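Q: Keeping the supplied structure of chain S fixed, place chain W upon it in accordance with the hints.
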Amino acid sequence: MKRTEPFEFYQPASLQEASRLLKENGPGGRFLAGGTDLVIAMKEKGLVPKYIVDLKRISGLSGIREQSDGSITIGALTTMREIETSPLITKKYSFLSQSAAEVGSIQIRNRATVGGNMANATPSADGAPALIVLNATAKIVGANGDRTVPLEEFFRGPGQTVMTSDEILIELTIPKTGPRLVGEYIKFSPREMMDLAYVGVAVAYNLGASDKKCEGVRIVLGAVAPTPLRAKRAEAALEGQTLTETLAEKVGQIAAEEAKPISDVRSSADYRRAMVGAMTKRALLNAAAGPAKSWVERRERRY
Amino acid sequence: MSELTAVGKPIQRVDAEEKITGQAVYGYDLVLPDMLYGKTLFSPKAHARIKRINTEKAKAYPGVVAVVTAEDAPWTHGETVKDKPFLAQGKVRCIGEPVAAVAAEDEDTAEAAVKLIEVEYEDLPVYTDPEEACKPGCVEIHEDFGKYRKADFIVKGAAPNVAEHFKLRTGDVDIGFKQSDVIVEERYFVPIIQHAAMEPHSAHAQFDKESGRLTIWVANDAPFRALHEITEALGMPKEKIRFINPLQGGGFGSKGGLKVEPIAVALAFHTNGRPVRVKFNREETFISTLTRHEAVVYSKTGVKKDGTLMARAMTIYWGAGAYAEKSPTVCIRGSLPAPGPYRIPHVKVDGYAVYTNKPVAGSYRGYGIPQGAWAGEQQMDEIAKRLGMDPIAIRMKNMFVEGDISYWGEQLHAVGLKETLVKATEAIDWGKPTKTAKPGVKIGKGFACIQKPTRSPTTSAAGVLVNAKGEVTVLAGTVEIGQGCNTILSQVAAEELKVPLERVHMHQLDTDVIPFDASTTSSRSTYHMGNAVRRASIHAREQIMEAAGPMLEAKVQDLGYADGKVFLKDQPQQALPIGEVVRRKLGIHGKVRGDGSYTYEIGKDLDLETGHSDHASAFYMYATQAAEVEVDEESGRVRVLRMSAAHDVGKAINPLNCVAQIEGGVVMGIGSALHEELVIDNTGKVRNPSFLDYHLVTSLDTPELIPIVVECPEPEGPYGAKGLGEPGLAPTPAAIGNAVTDAVGVRVYDLPLKPENVYWAIRKKKKDAA
Chain S
1 MKRTEPFEFY QPASLQEASR LLKENGPGGR FLAGGTDLVI AMKEKGLVPK
51 YIVDLKRISG LSGIREQSDG SITIGALTTM REIETSPLIT KKYSFLSQSA
101 AEVGSIQIRN RATVGGNMAN ATPSADGAPA LIVLNATAKI VGANGDRTVP
151 LEEFFRGPGQ TVMTSDEILI ELTIPKTGPR LVGEYIKFSP REMMDLAYVG
201 VAVAYNLGAS DKKCEGVRIV LGAVAPTPLR AKRAEAALEG QTLTETLAEK
251 VGQIAAEEAK PISDVRSSAD YRRAMVGAMT KRALLNAAAG PAKSWVERRE
301 RRY
Chain W
1 MSELTAVGKP IQRVDAEEKI TGQAVYGYDL VLPDMLYGKT LFSPKAHARI
51 KRINTEKAKA YPGVVAVVTA EDAPWTHGET VKDKPFLAQG KVRCIGEPVA
101 AVAAEDEDTA EAAVKLIEVE YEDLPVYTDP EEACKPGCVE IHEDFGKYRK
151 ADFIVKGAAP NVAEHFKLRT GDVDIGFKQS DVIVEERYFV PIIQHAAMEP
201 HSAHAQFDKE SGRLTIWVAN DAPFRALHEI TEALGMPKEK IRFINPLQGG
251 GFGSKGGLKV EPIAVALAFH TNGRPVRVKF NREETFISTL TRHEAVVYSK
301 TGVKKDGTLM ARAMTIYWGA GAYAEKSPTV CIRGSLPAPG PYRIPHVKVD
351 GYAVYTNKPV AGSYRGYGIP QGAWAGEQQM DEIAKRLGMD PIAIRMKNMF
401 VEGDISYWGE QLHAVGLKET LVKATEAIDW GKPTKTAKPG VKIGKGFACI
451 QKPTRSPTTS AAGVLVNAKG EVTVLAGTVE IGQGCNTILS QVAAEELKVP
501 LERVHMHQLD TDVIPFDAST TSSRSTYHMG NAVRRASIHA REQIMEAAGP
551 MLEAKVQDLG YADGKVFLKD QPQQALPIGE VVRRKLGIHG KVRGDGSYTY
601 EIGKDLDLET GHSDHASAFY MYATQAAEVE VDEESGRVRV LRMSAAHDVG
651 KAINPLNCVA QIEGGVVMGI GSALHEELVI DNTGKVRNPS FLDYHLVTSL
701 DTPELIPIVV ECPEPEGPYG AKGLGEPGLA PTPAAIGNAV TDAVGVRVYD
751 LPLKPENVYW AIRKKKKDAA
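Residue numbers (the numbering used here), protein chains in the order written: chain S, 1 to 303; chain W, 1 to 770.
In case anyone wonders, no lab produced these hints; they're calculated from the structure.
One-sided excerpt, in silico: chain W residues whose CB lies under 7 Å from chain S:
#1 S635
#2 R687
#3 H695
#4 L700
#5 P755
Because the structure is a prediction, the values reported are computed rather than measured. Ideal Cβ positions, reconstructed from N, Cα and C, are used throughout, including at glycine.
So that you can see chain S by itself, here it is in the shape it has in the complex (with noise of 0.2 Å):
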């Protein structure tokens, strides 16, 4: 590995500090969180940034915490394994835990962080698909004040947001959910894990108690477009519908035809579309037979 060139490096104690830095220092700066993109773009890909701050001396911007309104706050710094291990996701929503338990390794997942997974802007971020179905907004800081996004808009394309280069995104929030909420996440990757995702697709619903219809449905597609996708015209096929093992593959199918994958070393963007459909079929009838109890079950699941 490669010794990088030598770079400005600050390390704010506040977010006015950051904000006067960014400010003062304009664009090309990078962010410093978990470092597990940063520090390999700049070992390994030779990525000069003009300079980087370090936002781990802000106090505040990690931590889950259930706010009085039902809503669940997720600090920018919060790393993926406190996502995949946190008892209150794991209890509302296990398939957002899950897709983060589906990045890298133990090792990667103690430091990198949800809001470097955000703001990376990979196509094929696992923990992007499930926040968006959970309708998860941004909360950005800039110099020109705050502004809170849909995550859903947040994704402008490889590597891109909405942010500007004097902003930093401080947090996650997921607005409170009915108790009928359902949902998954299924990571498809020819290796069981330490794998990108060649598809990603993440469903939540409704799911009525007597009547089993569905509501308020939400599939978001990763790794088949250059942004998460929603794949909104397979969402209307189902909303207000039973479930079926038929309806299940026509929404997959639907899904498969609004995804917008391409052929890479991975993967033809022709097997990229279907396994869209037959994930999402998957992921559709998993959400409501219930979370998986375990690891293997989970497992399992995913044939």
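A: Structure of chain W alone, referenced to chain S:
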């Protein structure tokens, strides 16, 4: 023979603690005093003439000590064909070929300077398909092939770019096919894979002008062969070159021959006596060291209604990559047994090692056997299916047994194949119903059998020292590449000298001191070096007994030997520990040295027209592996549920180590079956030279493994032992392939069985059926 005390025992590896605690120093870790850092400039072109190289800017860069190109190192090397320049001479033949190198005071300086070297190329046609590269009209990638120095047995093919054409001719296949009731014919493909040893490649070199001595520190798996190759290339006397082997962090065949060594040597002549280290990173290791041959295998098999094999014709194109390396011998030793461990009256095999503009291919654990088995063993299942026969029955009917004359003309002995077949299939409950799969998921079982020869004839020599404390030092040229040889050879010495294993020490490999050994390859070490260490130990023991005679006032024939002591047979309490004998004879600093060597002599050389030989191999390793798999029909994803592997090892010197070898082999084999593929586009560029997209299996991809040790003793082997290093992965892909077909009724002819490949095969079948 008295009861065995050390051999046959499941002893924990002697190097386990050192390695697990991180104390072991590998070649890649080695730091020498006053060392310089080397960096290599690799070709970005797959096939091009070099019009001009300008090194002025790199030379002027502060901190740079030396910049070398072919002008400074006008040498070539190669194990069987001397076709590979130390640094590219006039043209480049693959992306990743070393073109120039820099030695500097630190790594960053070397890296910065190497980027300042300017090279102007003129493109030539690029060949990336071995079948295409030998078509009439193709440009010769090695236009001077005829002028190269090469081994006597090389048979240049008539077609362009064929570095070796191996022929096996037995009976008359035309007659055989005429007499057959069923004929199956198919094309199979095995892609390029890479060894992916944990430790990437590196080499250190130092040239001392005054003494004229060149020292090379490298974790090479065959230091004596490397020494010979360097000697031949440089025209230096052998005595002036010394190889020192630090520990090797895995090699699997990739660390033989010369890889980084020529670059380090080229630089070392220009550093005023300072040692220079050249390290490859992972990407460089992927593109510029060695790969396993891609192979296109056409296989045609004819059989009688009752399942009797009549004829088998195979044509195999081995993609050699840019240089011959070990391709000629992989072509020979991979093509010869490719028809499988069966009695077949009419056999015809044509193996072609074809140059392409891809990274160099060479030895990889298994040495051509997995490619042949992928075709041959799947075809056996196809035939069985066509005949309505059980896959076990058809193999049982035809498989080699004790005393058979093989289709290459050798009488076989110590054939433990049948037992491996029975045990491996039993272990996965062959023939019994499988557990019910979920909807859309199919379960299937399959197995495959292989035979594997070893490199023959070869020699191993060893020395054994016994000091005045009764401690034993073994001088053996076998390289501890992670396979456990230090444990095995220590056990052999401990056995013959009847001392506890803790008293045996393996000396570091240094060609100045250590007796000759051919190589740590081809699963040959336990057999050859085991015999040599055994003989050297016996030689030491005999000298000790000789010396003890006068001390105990007895004749040698009246002396006994046990428990590290010489004693009087009729008065066993009158005993002298061996250390005491050495002390009395030679003083407290004395050492008794025993020497021993072993050479397997072959009879007639391989006949170049027929491929026949009455002793093609010192011994043959036989194995059967059986797999149970689950196939998700919707995604094409294959999961191996359990895998048994029964291997005829002759005699397990260390059963624990045998199990570890088998398990390691199977896991590697599963990777090559399901995931591994070095993707190279038609410009010759490797698209996935990193562990992100070159998928090795993880522990979670590893199924329940059932290793089975079968012991069919080899009379010439030490205590009956054969070898085991390579076969562990050889039948694995074919066994899994057969299981996949059993599950979903579709055969996938191209490896790997990655989800996408299996998916499209299932889809095609469904379409065809509709």
